[in-house]
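Enquirer: Here the structure of chain A is known, so what remains is to put chain B in place on it, guided by the hints.
Given next are the chains, with one letter for each unit.
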Amino acid sequence: MVMVKRRPNSTLKFTLAVFAGAPFAWLVYLISLEIAQPTSGLGPDPAEGLLHYLGEWSMIMLLVAFSVTPVRRIFKQPLLARSRRMMGLFAFAYVFLHLLAYIVLYVELSMQQLLEDFVERTYITAGIAAFFGLLAMAITSTKGWRRRLGQNWLRLHKVIYLVVPLALLHLIWLRKDGFADITLYILWFVILLGERAYQVRKSRQAATV
Amino acid sequence: MLIGKSPKIPTSEITSETTYLNRRKFIGQSAALIAGSGLLSSAQAGLQPDDEITPEDIVTQFNNFYEFGTDKSDPFENAHAMTTDPWTVNVSGEAKKTGDFAFEDIIKGMTAEERIYRFRCVEAWSMVVPWMGIPLKKILEQFEPTGNAKYVEFKTLVRPDEMPGQSSFFSSIDWPYTEGLRMDEAYNPLSIMVTGLFGKELPNQNGAPWRLMVPWKYGFKSVKSIVSIRFVEKEPLNTWQQLQASEYGFYANVNPAVSHPRWSQASERRLPSTLFNTNRRPTLPFNGYAEEVAHLYKGMDLKKFF
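Quick mapping for you: the protein sequence lines, in order, are chains A and B. Residues in the first sequence are numbered consecutively from 163, following our numbering. Residues in the second sequence are numbered consecutively from 45, following our numbering.
Just chain B, same shape as in the assembly:
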């Protein structure tokens, strides 16, 4: 397994996969035991440390990917129809090397490293996910962005015949799904392009063949199935801001102090939660990555630039 140095969640908070798997096994055994004795399971509580990796079936079957439908289960049910090979990425804007590139050529010679990140959705639920990814900086630098490149904009694939959400009459989203980062955010060592999950190829419903992951921002910033990278001088208009500017901004940094019109952001439900224990925990500024990224926003009023 390739383990990068970067997961800055204190190592003490992370459960190694072996321990985790053993624990699962143990839970399974105790569950069987408990079931056998006719009691209901409540024995798991004592076994949970702070950040346990979210089970793979939840990470891959509980997704927001509106291109495939608005239910959390829609992406898992529909995304298999998406063709990810061949995959062409268009690079444009303020860079020396622009044009159409085959996905394999862009990542050629680069090794994906494992990064275990907290993942915080704007809907106030969260997971802990073992991604496999390549530092975004490494990917972007090969296109040699010019001095005018202040922001980078990403776009998701548009293919209505493979993406039922895009062909739906009842959707109000102006496809393609668009997101962006400031260049210094994109060059932060935490920012990665994800190509794998749980040590395997990235599943379609999680954004195959590659997707962004910026763990200190709400999940919607981490755009999936990217086909376009554009270097621009002006701040790009991201999809959710375009839909509802009063609720979604460009920055979307995880911030418990700035409440959202639909959800309080002060706390989150760590999945899986159960009916009788929502597994609620306080949300941390920058999703716990303040040490790595807070300096990017020095002097900015984060209530205004939400």
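This is chain A alone, in the form it adopts within the complex:
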């Protein structure tokens, strides 16, 4: 085995990975409880319990990934840039599992039900659209794709500015009442947008000087 010298960013990256993976690890624990004794881990309606758990963490991880760059700038942590792709892929993983749980456990692979949901239920349409945006980002997240796409890579990855609001809409349209978490997510998103707007303004001013 080749010994890898620890670069200064690997500790940070590892810590972030542990945090981002923790909800998944907890879910594995809940599922193991559930398998050992039904209704013990995820409640009497486990398909929905699992779906909502993954959905909630998808939203949080998306916002976390979207926070990497602003946090890097505000707290002057240049090393964070090297964790951005990883955090994005974590978010994608949660979203993918959320979608998978919906298709396999919730609609139980019924094509007819899936089509009806996609077409008639706007919150699902928004969720699917957000997924495809993320999918494009995940596929092109490799070094090879980044090189091949050149300038277009940045353009393509601006789709995140659609993905996050679509995910928020998905949640807002779904929820019937009790908007505490949604309020927090929207606030979080607005702050992140604000930071970016500020950066754009600053760089424009710098350019005119």
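For the record, the hints were derived by calculation from the structure and aren't laboratory data. Watch out, some of these pointers could steer you wrong.
Simulated DEER-style distance windows between Cβ atoms [said to hold, decoys possible]:
| hint | chain 1 | residue 1 | chain 2 | residue 2 | range |
| --- | --- | --- | --- | --- | --- |
| 1 | A | R358 | B | E291 | 47 to 53 Å |
| 2 | B | K244 | A | L297 | 48 to 54 Å |
| 3 | A | L262 | B | T142 | 54 to 60 Å |
Glycine included, C-beta positions come from ideal geometry on N, C-alpha and C.
Expert: Here is chain B on its own, set in the frame of chain A:
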């Protein structure tokens, strides 16, 4: 045990409590056996007949009662704070006897009978619940509603200091929770006021001290912890219709043919479901009570009056 004549779920579909309990015991034993042999449990499947009574801990710990929070577990965790004694019910509107009544006086001399009903939530899950209740007609008639009483409206308690959902800044519901029935619906023999559950007093999280139960309608019609009964001439505006009229109507009859913007209503998950078997079954028109109630809606376009 008091058993009324009314459960119209064909008797063949109902499992008696003894059989059910024995079955549980059997499942418990086999589960222990299986666990002992290191295999995972899948032996239960063959034991389930069509309508098995939902276990008590699920009926009492998995509830939608937004007054106590929007999570299914919130009512069980928070409802103990609600004071149900004394309990006053205000009766008003188109009736001869109106005013404030003590709950005990209203039900005095009446016996609760057991009714095992299917319970279908608009969120596409369902249970089978052994309620103890009094025919609604018997309760309403004592107030002598007049000819002008075309509908009856019910309201849930408003007490924010005992109901965290009502004091929540993040709720958009205009309390009190309000529901209503047409008088002929209210007088249908299936309609009951529930005062007990599993042969015991009705727990707070299930709507103590009394709640409505109209089994052919989605669960949200069966308003809990009622403090107001009003007889009216015009169709009352129920809470969910007020919040989202495009999704929730006044009638809310269980109808697999009318799909809801959020959920398909063609089928339901009978709880408890497991991760690998959602226990899905087709939803029946009027939740299986068409024979008893379909005549109430003769000539009505149920796609329009959903």
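Enquirer: Output the indices of the hints that this structure fails to meet, ascending.
Expert: Hint 1 is the one this structure does not satisfy, whereas the remaining hints hold.
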